[in-house]
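Asks: Listed here are the chains, written in short residue letters.
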Amino acid sequence: MHSLAVSTTSSRLKSIVAALVLSTAVGASIAGFSADAKTFRWASQGDVLTMDPHAQNEGLNNSIADHIYEPLVSRNRQMALEPCLAVSWQIVNPTTTRFKLRDKVTFHDGTPFTADDVVFSIGRSMEKTSNFISLTQGIKEVRKVDNLTVDIITTGPNPTLLDQLTQLRVMSRSWATKYNVQRPQDFKNNEETFAARNANGTGPFVLRVREPDVKTVMVVNSNWWGKRESNVTEMVYRPIKQDATRVSALITGEIDLVLDPPLQDLGNLKSNPALKILEGNEVRTVFLSMDQGRGELLYSNIKGKNPFKDVRVRQAMLLTIDVNALQKTVMRGLSLPTMSMIAPQVRGYSKDLEKRPAVDIAKAKKLMTEAGYANGFEVTLDCPNNRYINDERICTAVAGMLSKIDIKIKLNSMPRATYFPKIQNSDTSFYLYGWGVPTFDSLYTLQSIIHSKNATGDGEQNYAGYSNPKVDAAIGGLKTELDVTKRTALTRDALMLHQADVGHIPLHHQVIPWATRKNITAVHHPNNQMWTKWVNVN
Amino acid sequence: MLAFIIRRLLQSVLVMLTVGFIAFSLFNFVGDPVSLMLPPEATQADRDDVRKSLGLDQPFYVQFGTFLGNAVQGNFGISLRLGRPVSQLLAERLPATLELAMTAAVFGLLVGIPMGVYTALKRDKWTSKVLLTGSLVGVSLPNFLIGIFLILIFAVWLGWLPSFGRGETTAIGFWTTGFLTTEGLKAIILPAITLGFYPITLIMRLVRAEMLEVLRTDYIKFARARGLTNNAVHFGHALKNTLVPVITITGLQLGAIIAFAIITETVFQWPGMGLLFIQAVQFADIPVMAAYLCLIGFIFVVVNLVVDLLYFAVDPRLRVERSGSGGH
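Residue numbers (the numbering used here), protein chains in the order written: chain A, 12 to 549; chain B, 118 to 445.
With the rest of the complex left out, here is chain B:
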């Protein structure tokens, strides 16, 4: 057990190091931040001076080493664009991104599960076929296009919802929330739908497939033989057993939603981490980009680690140490 956990942890560290390294080496190609920080009229001496003070004149491995050392202590330096500590910037943006991601995930579950159940039970109905085909469109349309369509329909034509921003937010300690004002609630609807589109279709298809599988098993046949009502069979027995993989996938999907939020946040000017990242890219704001990529990598690694450990607890087969290195 302990060996398993240690192995997993070591692997996670390795993954984080790789993410850090790749992120950091990419930055050599995004351009020179100094030319954006200084006016075009600045002299070469001024530029060299700033470059030196930022440590940009050091060789690559020294820069990377310094970066790792500081990153472990949670210090990602200062944003070249905004002149503020990166950790502080990310902490400010985290609530916006998490609220959006959570809403999108909940939305995905609330819409995706009923749709999945429906299409599994009413397999041959034309409505099911429409939903399935529609979900294909949902998967294949790019996120920003869905967002722009929604803005066009609900903000420009109907005028029901705001086209951008987060509305009024309320601060609770370090956390700012948009859930406590009508404006904030109205503002989250369109971005959450945009971001939730993919999870909806994914969950719907997953639930449908699992449902169809479960409905074929013996205990369902037995339940029917016992004379239970259709509702009791479908929702009491079949759906319950379907949800285990669904919840796992949703958990893993959460990491992806947070990462995908970049596009949705840009379309809706949602002041989260994704928007911060996009602006950092344009400005060659290396500290922000590095910190963001590492943070997203970290979220993925943690979610995976938790899922792995949970499996270990749930599935007894994993607990049996395999002897030798196996047959392949």
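Same shape as in the complex, but just chain A:
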């Protein structure tokens, strides 16, 4: 009995000593680690849908994917193109560009990066189940030349090839084969693919934990080929749906950066000494579209003719809508009012696209009378209510402004899930739209939104039926023109003609505020992408 007690005491003593030793050791190692261990936690409303780099072409997904996966060509802090997995490239002939690949790069699982992975990944983004098909337009084939050289064959001279490549991320072929994920997420086979929750890229961060709707944790890749510009060793992304909760978490310091602070809270956040706001414009232009294709509007009281077909009506509307008032009241100063259909960062932009006629109601009324609509008309404005910043309130304000020239707006606002199918069927007379340009090249907007709709994919999103053969001709020239100065001139020509027609009514370029703790430095990205490789925790 007694001896037993002693032995338990002594063994307990031993274990206490052992625990002490262990805890000091652990303590020391933690302390040693914490000196340079920096965790960066950020949040926005929704979660990433998948880790598969080719399954979802959406802002947040691309942000997260860019931590892990890398493209051949990337963008620097000024949004200029820079080498990434490709070190150099040259045009061999009008349809072939040769890329030299970076040597001694390894994937997170240790396998070396080679030309096979590039051929495989671009092929994968061209698969039917890929979400990136539109970004592979014009690419015919990728050919391996040797282990570190590939040729990309295009259907014709392709001036935006490099821009497209920034969005095509490279996976490991052997890894994809091993886990049977050679194709992006396929909704037809009722199973989750391995690549949806696991990742293996060459990028600066390695995926550690993936809990959908809870958190995504990454740690820094110590074998990364690039030069580290960030002191973050661990990155945690947490979706927080409720606005108030997300803002609270930032104030309490549970979160370091919020990608989408609610506009009404910005004032409070700015006055909080522990926080700061990063502002910058997104490459996204918000505009109004009027149905100019149909002989009679679907949703109007005017029968037998289409008032929007008359350029004087469109001019009158342009003269009535006060974009500066919209900026001041609805957007609380957070927008860049514009007359241009493309944002300043987009290649082809020039200052003279911004000349907007001053608001002039008397002149607008006169134009309406000349067009035969002295008493105005009624029309329905379709509007999303959860897609663009303050979208529904923009529409309400526009309706109020147009009532001054007796255009009575019936506002039809709806969530994006019902809005987009309706618009995509051209089941509309008048609608609000926002267009982002991931390639940073004007062709993306001109070809999809402004070019007349045809069978070859031009005017894919020209739901308003705008059409001007002269504009189409300029866009046609842009498709194969490689010279930057000539491209800017062609863009300008097309957009000036389009402005004279009042083909659309541009409102503003969206400005995106990010809210962060004072000790964080981050780089605001015009694609609204958060890259931890540019974040520092001080």
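Once the Cα atoms are required to be at most 20 Å apart in a straight line, the calculated EDC-like pairs of lysine to aspartate or glutamate come out as: (1) Lys-464(A) with Asp-163(B); (2) Lys-433(A) with Asp-166(B); (3) Lys-303(B) with Glu-265(A); (4) Lys-433(A) with Asp-174(B); (5) Lys-226(A) with Glu-300(B); (6) Lys-433(A) with Asp-165(B); (7) Lys-139(A) with Asp-163(B); (8) Lys-226(A) with Glu-285(B); (9) Lys-139(A) with Asp-166(B); (10) Lys-433(A) with Asp-163(B).
What the hints contain is simulated information worked out from the structure, not anything from laboratory work.
Fit chain B to the supplied structure of chain A, relying on the hints for placement.
Replies: Then chain B, alone, in the frame of chain A:
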């Protein structure tokens, strides 16, 4: 007896079918998931292709039939938002919701019963009146507002508790629990209080009313006449008899708590089924919505069925088969 059980079961099946049908027909109005799954630049042909592969081009009754057939086998298809099997998603989220609901229910009982007893015994004290008036406020304030107030006070101002999430969880088999870590325990406090607010007031008022009723009965008077202490009368006799309806109501209330968790979970970013459902609604993720509604319907039906059967066992009057179809 057997006839009663069979009748009850048949009724339950009918209720489930109705829930399934209503849920499924609502989905025709939430929008088109295909436009969210594909980029805006996708062509019409791409869209039709995906629509076809998901069976969305079939007529309504075919879609519903397929849905029922699969649902009976526990197969709710694949989430359009997350690209994973719905049954797997729900199984992952179930522990979070159940832990929250149970904590809220226990919290409701532990706070609600003493408050009810107190307000019944000290009817005329001003503290009772304050509690009763306060409970009215609790009933009438919407859940999300209570949650946001709690976050403001305990997370933002005092900094005692986390403002969102579930903290660290530990996996035990398929079940993940937040009860084994300090962080997890701290994280459940605010959401459980938010969710438990309504049950507290309900239980408190119920206990109070029942207590007042029981205290008026003859056997209580007799107990007093026997010279028993106040404590023995109040807690040994009166409270015991009060608790039978309270436990029944709490049982039924559990279904409601699980369903109401949607709002609390959204406010606190609690990774349960309710949060999954809300996100599914925004994405028009039909399989998840359908499965969730059916599951909640199922929980309600089961709880009701169990309560009915228990009554049958407890109350002899129900066992007497009524002759004919009755007088009304």
